[in-house]
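One letter stands for each residue in the lines below.
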Amino acid sequence: MLRPRIIPCLLIHEGGLVKTVGFKDPKYVGDPVNAVKIFNEKESDELVVLDIDATVNGVEPDFAVIAHLAAECRMPLCYGGGVRTAAQAKRIIGLGVEKVAISAAAIERPELISEIAAEIGSQSVVVVIDVRKKMMGGPEVRTHNGKKAHKLDPVAFAQEAVRLGAGEIVVNSIDLDGTMKGYDLKLARRIRDAVRVPVTFLGGAGSLADIEALIREVGVVGASAGSLFVFKGAYRAVLINYPNPDTKEQMVRAALAA
Amino acid sequence: MISIIDYGLGNIGAFLNMYKRMNVPAKAVRTADELADATRIVLPGVGAFDHAMDLLDRSGMRPLLEEKVVGDKVPVVGICVGMQILADTSEEGQGRGLGWVPGTVRHFRSMPTPHDLPLPHMGWNDVAPTNDGGLFKGLEQDARFYFLHSFYYEPADPADSAASASYGAAFACAVRRDNVWGVQFHPEKSHHFGAMLLKNFAEL
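Protein sequences appear in the order of chains A and B. When we follow this note's numbering, the leftmost residue of the first sequence carries the number 1, and every step to the right adds one. When we follow this note's numbering, the leftmost residue of the second sequence carries the number 1, and every step to the right adds one.
The following block holds chain A by itself, in its conformation from the complex:
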């Protein structure tokens, strides 16, 4: 049985690991390499690492940091942040990263998705779509840590990205980021029904029950979370954590049986 993927998402800001709320107020939660080592021990399904500085600062991905993380990482790793060319994506894969995520650059120039897919294969191309609800009406796509709005419907853009060669779509809810109130199940359902590639949802998970609810709603998908795996308790004490294999297996089976 192919299992849903339960994926810690780590944000890198000024060299440290941080967690945001609503894409703002980054709180320092530790050292990225140390976090990778802990998730190795806990045998997490995959890991997503996003550099939230690279695109807004207009700089290249930090290849030295990526190489260090990839060397430590004993689970599949997806890196995102500042990737603007197929050559950069190829170099990142060469460092031992399984998947490369693109967002702003793909929205500004969608052909980049095809260019990267031609270089590294569709299976390794992840398009991240940051989504925010408009004051009136439905969700819209944003980039640059939520600051830049694009007149794009996330579902239509997800379909376009897949047509161009994306092998996975990650949908990240800006409104729910850091709130730990649960995933946007309605949007998850719409995205899941719209494309035939693996999809992963990020933003809002506050408990294993939230992940279970997502799997119950949309089946075998990726369930990613930041706060859930770096904070513990009502006062958000920093503690890197991940469900143990038995708990995870029981939850997954219960969710899929429903």
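What the hints contain is simulated information worked out from the structure, not anything from laboratory work. Values in this document were obtained by computation on a predicted structure and should not be read as measured data. Where hints are given, some of them may not hold.
Computed footprint of chain A on chain B, listed as stretches where at least three residues anywhere in the stretch have a Cβ under 8 Å from a Cβ of chain A [said to hold, decoys possible]: (1) 46 to 55; (2) 120 to 130.
Listed below are the simulated DSS-like cross-link pairs for lysine-lysine, each with C-alpha atoms no more than 25 Å apart in a straight line [unchecked claim]: (3) B:27 to A:37; (4) B:20 to B:137; (5) B:137 to A:42; (6) B:199 to A:37; (7) B:199 to A:42; (8) A:42 to B:20; (9) B:20 to A:37; (10) A:90 to B:27.
Where is the CB? At the ideal position from N, CA and C, for every residue including glycine.
Got chain A sorted already, so can you dock chain B onto it with the hints?
Using the frame of chain A, we list chain B on its own:
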């Protein structure tokens, strides 16, 4: 010495790290000279079939690799696209594979009973060993590995299937003929399951 073929594809560092943690001597090899003392060979790979064969040809290692595997019967395991190029042909490319385990590589959408599950097949799936020659020793009851692929191996002789997994329908996720093994999944990224498989390979 376990020799990991470095022809520009696949996560060489991850294999070296895994073997280092087990205190099993292993090295990356980039030339025929470096390959000369290999007693076990890991053939990694990611990306497209033709590209992998092209890079292997250009590496200058292929003649000695063939001599070692086909002539001297040195155990070899292909990983992911490194497994797929053990076949004769692939729907993904025009060129010929190594042909060490006769078969062809097909796209999931051309399975006999097509399904519309998301592709690539991505994530952790159960693996059921069959005629595996000891590669899955200790993993008979519970084997889970990380997959990331849209093409799968169809051995010409079903007896060459070493393990099966299911995605829409059952497929051979590992093959074996004599001293040649191949696995579609990524043992180097499959935690303790992968470590055990790589250890088994070292001790075959």
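Structure-based check of each hint:
1. 46 to 55: Our answer is that it holds, as 3 residues pass the Cβ test (under 8 Å) against chain A, meeting three.
2. 120 to 130: holds (count 7)
3. B:27 to A:37: 23 Å, holds
4. B:20 to B:137: 21 Å, holds
5. B:137 to A:42: 23 Å, holds
6. B:199 to A:37: 21 Å, holds
7. B:199 to A:42: 20 Å, holds
8. A:42 to B:20: 20 Å, holds
9. B:20 to A:37: Distance of about 16 Å is within 25 Å: holds.
10. A:90 to B:27: Roughly 23 Å separates the two Cα atoms, so the pair holds.
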